[in-house]
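Residue numbers (the working numbering), protein chains in the order written: chain E, 1 to 154; chain Y, 1 to 84.
Derived from the structure by calculation, the hints contain no laboratory data. Note that the structure is a prediction, hence the values are computed from the model and not measured. Ideal Cβ positions, reconstructed from N, Cα and C, are used throughout, including at glycine. Where hints are given, some of them may not hold.
[As the list claims (entries may be wrong)] Each pair of labels, with its calculated beta carbon distance range: (1) E/I104 <-> Y/I12: 43 to 53 angstroms; (2) E/L13 <-> Y/I12: 44 to 54 angstroms; (3) Y/M1 <-> E/T91: 25 to 35 angstroms; (4) E/F93 <-> Y/I5: 45 to 55 angstroms; (5) E/D117 <-> Y/E80: 46 to 56 angstroms; (6) Y/A18 <-> E/N119: 37 to 47 angstroms.
[To be verified] Below 25 angstroms or equal to it, Euclidean Cα-Cα: the simulated SDA-like pairs (lysine to any residue) are: (7) Y/K74 <-> E/A74; (8) Y/K74 <-> E/P115; (9) E/K65 <-> Y/I73; (10) E/K5 <-> Y/F45; (11) E/K65 <-> E/P115; (12) E/K65 <-> E/A11; (13) E/K5 <-> Y/D81; (14) Y/K74 <-> Y/I12; (15) E/K65 <-> Y/I68; (16) Y/K74 <-> E/N2; (17) Y/K74 <-> E/F93; (18) Y/K74 <-> E/M146; (19) E/K5 <-> E/S148; (20) E/K5 <-> E/V52; (21) Y/K74 <-> E/G90; (22) E/K5 <-> E/L84; (23) E/K65 <-> Y/S29; (24) E/K5 <-> E/L144; (25) Y/K74 <-> E/G149.
Below are the chains, spelled out letter by letter.
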Amino acid sequence: MNMSKVVRAAANLLFPFILIFGLYIVAHGHLTPGGGFQGGAVFATGIILMIVAYRYETAVGRFSKDILRNCEFAGLLIFVSLALAALAFGTGFFYNWVADTGLIFGASVAPGANPGDLNTGGVIPLMNLAVGLEVLGALSVIILYMLSGTREEA
Amino acid sequence: MIEYIAHIVVLIGLVVSALLVWRFRDLLSAAIAFGIFSFLLSLEFYILQAPDVAIAEAGIGAGLTTAIFILAIKGTTRWEDAEE
C-alpha cells in the first residue's frame with residue numbers, strides 16, 4: 001500500500017538531498033569523519049525512504065534488484081582489484097600505488113597544518129567509493145527482499 | 001557549561017525514549033520512539049567526540065532499522081495484543 005500523501009511528498013522532497021549528502025560523506029571520507037560504509041548507509045537510507053513510502057510494484061519499478069545487486073558485485077570487485085593492482089607494480093597487497101603519481105586523487109599532500117585537499121589520498125578515496133557502492137547495493141537489496149515477502153497482504 | 005547541560009538533556013531523553021519503547025502498545029509508535037532513541041544516541045556519540053560512529057548510528061540506527069520495523073509492521077499487525 002502507498003503511505004499517506006504527506007509522507008510521499010516529504011519523501012520526494014528529501015530524496016535528492018539525502019543522496020547528495022551520502023555522496024558527500026563518501027567523497028570526503030579521507031578528510032572528514034565518515035567514509036565508504038557511513039556514506040553508503042546514508043545513500044541507502046534515501047533509497048529505502050522511497051521504498052517505504054510507495055507500494056511494492058512502484059518501488060521495484062524504480063529501483064531494480066538486478067542493478068542494485070550488480071552495484072554490490074561491482075563495489076567488491078573494484079575494491080579487490082585495486083588492492084591486487086598493487087601487486088602488478090611490484091609492491092605489497094593493498095599498497096597505496098596511486099599516491100603522489102599525479103593521477104586522480106594522486107596529488108601530493110601539502111606540508112604543515114592545513115584543512116586538507118580533496119585531490120589527495122591515492123587509493124583510499126577510490127576504495128571508499130567502492131565500499132560505498134557495495135554498502136548501498138547490499139542494504140537496498142536486503143530491504144527489497146524483506147518487502148517482497150509482505151507484498152501479498154499490502 | 002552549555003555542553004554539560006546538553007549532555008544531561010540528551011541522557012534524560014535517551015532514558016525517556018527507551019521507556020516509551022517499552023510502554024507503547026502501538027508498535028508503530030514504538031518504532032518511531034526507537035528511531036528517536038537512535039537519533040539521541042548518535043547525538044550522544046557526537047558529544048563524546050566520536051563523529052564517525054555518530055554518522056553510522058544515524059544512518060543505520062535511525063534510518064534503516066526504523067524502516068525495517070515499519071516494513072515488518074506492514075506485513076503483520078500494528079497492535080501488540082491483537083487477537084489472531
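Which hint numbers does the structure go against, in order from smallest to largest?
2, 3, 7, 8, 10, 11, 13, 14, 17, 21, 22, 23
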